[in-house]
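Undergrad: Under the numbering used here, read the sequence shown as residues 3 to 279, first letter to last.
No false leads were mixed into what you were given.
Pair ranges (Cβ atoms, derived):
(1) Met229 <-> Ala9: 41 to 47 Å
(2) Arg7 <-> Pro209: 37 to 43 Å
(3) Arg254 <-> Arg221: 18 to 24 Å
(4) Arg203 <-> Arg62: 31 to 37 Å
The set of hints was computed from the structure by calculation and includes no laboratory data.
Remember, predicted model here, so these are calculated numbers, not experimental data.
Each residue gets a CB set at the ideal place from its N, CA and C atoms; glycine is no exception.
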Amino acid sequence: MDLVRVAQSGLADEVWDARWSSPATRPAGPDLAAARLFLHRVPARSAVLLVHGYLGGDYRLERWLWPVRRLLERGHDVALFTLPGHGIRAPRGGAHHYPSRDARATAQSTRQAVRELRGLLRFFRARGSVVGAAGVSLGGFLVALLATVEAELSFAIPVVPLSDLTAFARGQVPDSPSRAQLERRAPDAALAHLSTSPLARPSLLPPGRVFVLGGIGDRIAPASHAMELARHFDATLELFPGGHLLQPSHGRLLRAIDRLTAASATRPSQPRRSPRT
Numbered sequence: 003m004d005l006v007r008v009a010q011s012g013l014a015d016e017v018w019d020a021r022w023s024s025p026a027t028r029p030a031g032p033d034l035a036a037a038r039l040f041l042h043r044v045p046a047r048s049a050v051l052l053v054h055g056y057l058g059g060d061y062r063l064e065r066w067l068w069p070v071r072r073l074l075e076r077g078h079d080v081a082l083f084t085l086p087g088h089g090i091r092a093p094r095g096g097a098h099h100y101p102s103r104d105a106r107a108t109a110q111s112t113r114q115a116v117r118e119l120r121g122l123l124r125f126f127r128a129r130g131s132v133v134g135a136a137g138v139s140l141g142g143f144l145v146a147l148l149a150t151v152e153a154e155l156s157f158a159i160p161v162v163p164l165s166d167l168t169a170f171a172r173g174q175v176p177d178s179p180s181r182a183q184l185e186r187r188a189p190d191a192a193l194a195h196l197s198t199s200p201l202a203r204p205s206l207l208p209p210g211r212v213f214v215l216g217g218i219g220d221r222i223a224p225a226s227h228a229m230e231l232a233r234h235f236d237a238t239l240e241l242f243p244g245g246h247l248l249q250p251s252h253g254r255l256l257r258a259i260d261r262l263t264a265a266s267a268t269r270p271s272q273p274r275r276s277p278r279t
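Starting from the given sequences, assemble the full structure and let the hints guide the process.
TA: So, in structure tokens, the structure goes:
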């Protein structure tokens, strides 16, 4: 992992931009994984991986959308992970290839993102930290999937998450020839997405280590997605009046992280074999 120091006085003892080898290589060349790390001089006992949603990934914005400062004040190290094709990883022209209408390409990018998150988790584990993750929307989907393949994850918090990328794609593409083509390919798309669906795998986290936040008024990722994930993980579900554009206050998320971090410290998870993605 290559680290480049970032000058951001007053926020963290150390801020670094991290790049590391990604398992995927695209036609334009190697696609390096990326994250911005907010670290204490002495490695924290806990670290939180934060995963943005579709069209997100601008570090300047994400540091305010997430309670980065308050997490640091609580003693956590923090990482803002950048999804494939987003933020500084976006291709020239600003087009976003993930997720796409091509179900197989989307499944490939999903596997890539999860492997990169596992690499980031290993970085913090090597520093001696327990590591949890929270993600919003598409990021919430990935955090839920991470909980099914990574036994070293201490907790997972999907926020206004997607549970099914197939249904999301059908609902988001307007009526058009492309929409009709997508509908005809729906069985194939469902099969491709099933290979990377958190609903198709059991959780590797003990009961109580997954907390789901859903928006009652969410029209992008309806509350039914959060409810489905909560049922699958036997997780605590908290619904709030807002949605994608009016997300829960930082206080809800911070309280959940405090509770789950404390639970991780007092009830270490049993070692289990992590399946491949």
